[in-house]
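Protein sequence lines correspond, in order, to chains C and A.
First residue of the first sequence: 2, per my numbering; consecutive thereafter.
First residue of the second sequence: 13, per my numbering; consecutive thereafter.
Hints listed in this document are in silico derivations from the structure and should not be mistaken for laboratory results.
Being a predicted model, the structure only gives us computed values, none of them experimental.
Hints may be right or wrong, so weigh each one.
What the hints assert, rightly or not - With the Cβ distance kept under 10 Å, some of the chain A side facing chain C (calculated, not the full set):
#1 Y184
#2 D201
#3 L219
#4 M226
As the list claims (entries may be wrong) - Per label pair, the in silico range of CB-to-CB distance:
#5 H13/C / T44/A: 44 to 50 Å
#6 E184/C / R211/A: 26 to 32 Å
#7 E184/C / T41/A: 22 to 28 Å
#8 G244/A / K38/C: 40 to 46 Å
#9 R9/C / C214/A: 16 to 22 Å
#10 Q3/C / H230/A: 30 to 36 Å
#11 S14/C / G259/A: 42 to 48 Å
#12 T41/A / G198/C: 28 to 34 Å
#13 G197/A / Y55/C: 21 to 27 Å
#14 E185/A / V17/C: 55 to 61 Å
#15 Y55/C / D237/A: 22 to 28 Å
#16 R211/A / Y55/C: 16 to 22 Å
Where a beta carbon is used, it is the ideal one built from N, C-alpha and C, also for glycine.
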Amino acid sequence: MQLNVPDRDYMHSGHVGCPGCGAAVAMKFVLRALGNKTIMVLPACCWSIIAGPYPQSTLQIPLIHSAFETGGAMASGVRAALDVKGDKETCVVTWAGDGGTFDIGFQALSGAVERNEDFIYFCYDNEAYMNTGIQRSSSTPYGAWTTTTPGRDWKRMRKKNIVEALVAHRIPYAATASIAYPEDLLRKVSKARSIKGSRFLHIFASCPTGWRIPSEISVKIARMAVQTNIFPLYEVENGRKYTINFMPKGYLVKEYFKLQGRFKHLSESDLDQIQAMVEEDWELLLRKAGVPLQG
Amino acid sequence: MKQVLEGSHAVAEAVRLARVNVISAYPITPQTHIVERLSDFCADGRLDARFLRVESEHSALAALIGASSTGVRTFTATSSQGLALMHELLHWASGARLPIVMAEVNRALAPGWNIWTDQTDSLAQRDTGWMQLYCETGQEVLDTTLQAYWLAETVNLPVMVILDAFFLSHTYEPVDIPSQEQVNGFLPDYQPRFQLDTRNPCAFNQLAPPNVYMEMRHNIQQAMDQVLSRFGQMEDGFGVVFGRRYGEVEPLQCDDAQIILVTSGTITSTSRALQQQLRADGERVGLLKIKLFRPFPADAVRRILGGAQKVAVIDRNCSFGAGGIFAQEVRAALCNLSARPLVFSYIAGLGGRDVTLDVLKLIYRHTKDCEHCPDDSIWMGLHEVHHAT
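Whole structure, please, built from the sequences with the hints as guidance.
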C-alpha cells in the first residue's frame, strides 16, 4: 500500500526499541511531518533509551532529554530562549510517554498549556510504564494486567481521559491519532505545526512487550482500538469545536481484548461491562461533537 | 550611584545589569521581593527578558534548563521549600553543565512553618554541583550576583547567590548601583559553548552508561577545582572596574590570633563588632568569614586557621546526626595538618532566632575557657522545653 505522506525521514534506521514498537513508528511519522526545524524535549520514557546512548543519537534533530515530570516546563524554557533570539521558525515539541504525561508530568503540562506556551506536546501512549517493566499508569485501561496490577488485582479504574483534560484548558488544538492511521496522524501533525500556542497530540502507540501480543500485530491492534471506539480519532479546536475523524464499523471490544495477553483473565461479563463503558464514552463524544446518536 | 536599597532589590538590580534573557520563578516568602522587582523591570522595559511565571519551583528550574540549553542567560530565585522542591533539577542543571544563576534566600524548612533565616535549606544542597556564595551586605549581594554569571559562564556550572532571610533580603542599606557600561566592562555577553541548534543537531543529557558516566562526573569536579583558581582572576577583573573585592574567604586580624571565629552570612557583621571590642580589650581574636562554600576553599582555610590555637565555627544550620555543617567542612580541611587548632562547633540562630553580640560573647568566652573541645556541636541559647503530657 502506498501512503500519501512525506518520505524524508529524520530518524536513523538504527534504534534500540523492541520489535514492533508502536512508539518508534509514531516518532518516524511525526518527524516526517515536523521536518528538521524542530527541537525536541524528551522526558524520561521508552524513548530515552530508544534515542540511543552517548555519543550516538537515533534522531537527526536537536534533542534534549529532561527529567520525568518536566516536559511542559522545559519546552517552555526552550521556546522562551528561541523567542529571545528571534527564532520564529523552529518548532518546539515535547515527546513524552503516558506516565510522563498523565501522571508525573501532568502538573507541568497543565501549567504550560494554561500559559498557552507555543509548543506541541506529543504523548505516545502505550498504556503503562513500559520502560520500567509494565507498571500501571493512569492511562492503563480498565481490565488490564500489569506488573503492579497482577493476578486478581487487575486494574479496576478507568483510563484517564487526557484529551478532555487538555480541552478543558481551552488550548488551540488537541487531537488523538494512531500509528495505524498514518495519513490522519501526519495531517494532524502538520495542522498542529501551523497553529500558534499550545497544541496536544495523543498518539496511540501499541506495545507488544507490555500488552503481551506478537510484534507483527502491533499496527493491527492499534487499528482495532480505533475501529472498536476504544480509541476514537478526533480533534478539538479552541476547546469547543469537535471533529470526529473516523466513524466506527461496529466491531466489539472483545475482539480487541481477546488478542492481548494483558486481558486474558477477563470473563465474558467483564468484557460486557467494558463494552458498555466504551459505548458510554463514545456517546459522550458524539454529543460533544454534535453528531446525532444512532438507533 | 548610591541608593538605599533592600537586599532583594540589590539582587534584582544585578540581574537587570547582567542583561539576563530568561527568568522563571515561583513565589515564596521571603524571595518574592526579588521576582516582583524583576517583573516590574520586564513590564516597564528596563529589562528585555522573557519572564515565565510557572506553576512550581520545580518547573521554574526545568524551564531555565531548557532556556539555558538553548544558549541564553537565565535567572531564578527561591527559598527553603522551593529549593527543596527543585532538588532533582539542581543535579540536572550542573550535570548538564549549565551556567544558571539563582538567588537563594536562606529560610528555615518546615515543619513547623517558619519563614525566618536558617541555612539548612541551601546547605542541604551542597552535593548538587552548584557553586554556593554566601553574602553579608546588600552591596555584596549585588556584586556577587554579577560575579556569579562570570564564574558560571567561565566553568559551565550553576551558582547559588545566598542571602539571609529578612536580615539581608528585607533590610535597606546604601548600595552603589553600577552603570551599565561598568557592568559590561566586567561581564561580557554570554557566549555559550554548546546549545540546541537545528543547524547542528545534537542530543543533550542522554543515556550515559558506566563507560562514560564517571568521566562526566570527574569533569564536574575538575570544573569546581577550576573555580578556586579562577576566583582571584574574577575578582581582579571586578576590582579594576568597581574597586571592590571580597575574597573567597575574608580573614580579619587572623595572623596573630589565638582564637578565630568562623562565620558566614549576616552573623559576620555582628561578629565584626565583637571582634573589634575584644581586640580593644587586648584579646588576640580573629574572624574568618567564609563566602565561597562550594567549592570549599580548603587551602585558604588551612592557611588562615592552621596557626591558631582554637577555632569557633558558628553554624546557623544543622545536619542532624552530624552537627554544624561549616564546622564539619572546617574540621575536614584541617584534619591532615600535623599541628592544628581545636575546632569548636556552635549552632545558633536557627529559624531566625537572633544571634546577638551577647550570644557571640558567650561563644567566645566558652571557646577560650574550655580546655577540652567537644566533638559534638554546642547548641547556644536553648530554652527549657516543657513537653505536653
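**Request:** May I ask which of the numbered hints given earlier this structure violates, with the numbers listed in increasing order?
**Result:** 1, 2, 4, 7, 10, 11 and 13
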